[in-house]
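A.B. asks: Sequence:
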Amino acid sequence: AIVVQLIVAKQPVVATGLSADAAAARFGPYVTAADASDLADEQETAYLLRKGVRAVICCGEPGALPAAAARDGKVKHVVVVGSCGKTGVLDAVFGGEDARRKDPKRADAFVKAFEREGGGGGPALTVVRPGAVRPGLGGKAVAFSQPNDGAGAGGAINLEDAAECVVRCLGAPPKKGVLTFDAVETKGERRSWKA
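When we follow my numbering, the leftmost residue of the sequence shown carries the number 5, and every step to the right adds one.
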């Protein structure tokens with residue numbers, strides 16, 4: 005869903021974890037595929053970034069991406085997709101998608117790499133924590149909040165709205181530090197992105 009939102013926004017996309025054939029079948033000529041195993045090796049990850057990448061969206065395991073992004077002077081913004089959704093009993097035992105995204109170590113890996121490599125500088129970092137992601141059409145009202153003591157707002161959000169929140173972050177990087185916010189569906193008027 006994030007890739008589709010990027011294509012609609014007319015952004016060039018390099019996606020890891022897809023074969024070239026799968027990327028061509030799903031997204032046509034709009035997406036360049038890269039092997040996910042490249043993210044395990046810092047030199048391979050740095051090579052991917054040297055191809056003019058200015059922003060990174062991390063939805064899965066970061067691998068060597070934090071260190072490579074911190075060293076690459078052209079990467080200006082990193083968006084890490086987390087989760088503020090409630091995890092169920094089975095997720096806690098077997099580690100579902102929301103449980104994996106909820107792990108704060110993913111965002112911490114970027115913060116530590118930026119501090120180590122850039123002396124506290126480095127790319128801007130946004131951590132978007134959607135509620136439990138469920139299928140459905142976008143366009144619902146979304147409430148944004150700042151997480152307090154890591155607890156998060158809970159709640160749910162549909163896949164299209166979560167993807168739109170992530171992609172819209174690229175247009176508004178934080179001035180400095182780390183911007184972390186939760187996004188969940190709410191009742192009310194359609195959201196105002198500018199607000």
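Hints are computed from structural coordinates only; laboratory data are not their basis. A portion of the hints provided could be inaccurate.
[What the hints assert, rightly or not] Subject to a maximum C-alpha distance of 30 Å in a straight line, what follows is the list of computed DSBU-like cross-link-like pairs (lysine-lysine):
| hint | residue 1 | residue 2 |
| --- | --- | --- |
| 1 | Lys-78 | Lys-144 |
| 2 | Lys-78 | Lys-106 |
| 3 | Lys-144 | Lys-191 |
| 4 | Lys-144 | Lys-14 |
| 5 | Lys-116 | Lys-106 |
| 6 | Lys-106 | Lys-144 |
| 7 | Lys-144 | Lys-55 |
| 8 | Lys-78 | Lys-116 |
| 9 | Lys-144 | Lys-179 |
| 10 | Lys-106 | Lys-80 |
| 11 | Lys-191 | Lys-78 |
| 12 | Lys-191 | Lys-116 |
| 13 | Lys-80 | Lys-191 |
| 14 | Lys-55 | Lys-80 |
| 15 | Lys-180 | Lys-109 |
| 16 | Lys-179 | Lys-78 |
| 17 | Lys-116 | Lys-144 |
[Said to hold, decoys possible] Derived Cβ-Cβ restraints for the label pairs, each shown as a range:
| hint | residue 1 | residue 2 | range |
| --- | --- | --- | --- |
| 18 | Ser-41 | Gly-192 | 25 to 33 Å |
| 19 | Lys-179 | Asp-25 | 22 to 30 Å |
| 20 | Gln-150 | Lys-191 | 29 to 37 Å |
| 21 | Lys-14 | Pro-151 | 27 to 35 Å |
| 22 | Ser-41 | Gly-181 | 27 to 35 Å |
| 23 | Glu-119 | Asp-25 | 25 to 33 Å |
| 24 | Asp-25 | Ala-147 | 33 to 41 Å |
| 25 | Ile-11 | Ser-41 | 19 to 27 Å |
| 26 | Ala-176 | Ser-23 | 30 to 38 Å |
C-beta: ideal position from N, C-alpha, C; glycine also.
A.B. asks: Look at each hint and say if it fits the structure.
C.D. replies: We went through each hint and held it up to the structure:
1. Lys-78 - Lys-144: violated (35 Å)
2. Lys-78 - Lys-106: It holds: about 28 Å lies between the C-alpha atoms, which stays within 30 Å.
3. Lys-144 - Lys-191: holds (8 Å)
4. Lys-144 - Lys-14: holds (23 Å)
5. Lys-116 - Lys-106: Measuring from Cα to Cα gives roughly 18 Å; hence the hint holds.
6. Lys-106 - Lys-144: holds (23 Å)
7. Lys-144 - Lys-55: Not OK: Lys-144 and Lys-55 at ~36 Å, beyond 30 Å, violated.
8. Lys-78 - Lys-116: holds (19 Å)
9. Lys-144 - Lys-179: holds (28 Å)
10. Lys-106 - Lys-80: Given pair Lys-106, Lys-80 holds - Cα atoms ~24 Å apart, limit 30 Å.
11. Lys-191 - Lys-78: violated (40 Å)
12. Lys-191 - Lys-116: Cα-Cα ~37 Å, so violated.
13. Lys-80 - Lys-191: violated (35 Å)
14. Lys-55 - Lys-80: holds (14 Å)
15. Lys-180 - Lys-109: Answer holds: Lys-180 to Lys-109 is near 20 Å, not above 30 Å.
16. Lys-179 - Lys-78: Roughly 16 Å separates the two Cα atoms, so the pair holds.
17. Lys-116 - Lys-144: violated (35 Å)
18. Ser-41 - Gly-192: 25 to 33 Å: violated (44 Å)
19. Lys-179 - Asp-25: 22 to 30 Å: violated (41 Å)
20. Gln-150 - Lys-191: 29 to 37 Å: Given about 20 Å between the Cβ atoms, the range is violated.
21. Lys-14 - Pro-151: 27 to 35 Å: holds (32 Å)
22. Ser-41 - Gly-181: 27 to 35 Å: holds (32 Å)
23. Glu-119 - Asp-25: 25 to 33 Å: violated (39 Å)
24. Asp-25 - Ala-147: 33 to 41 Å: The hint (33 to 41 Å, Cβ to Cβ) holds, given that Asp-25 and Ala-147 are roughly 40 Å apart.
25. Ile-11 - Ser-41: 19 to 27 Å: Given about 24 Å between the Cβ atoms, the range holds.
26. Ala-176 - Ser-23: 30 to 38 Å: Check passed, 33 Å falls within 30 to 38 Å.
The structure is inconsistent with the numbered hints 1, 7, 11, 12, 13, 17, 18, 19, 20, 23, although it conforms to all the rest.
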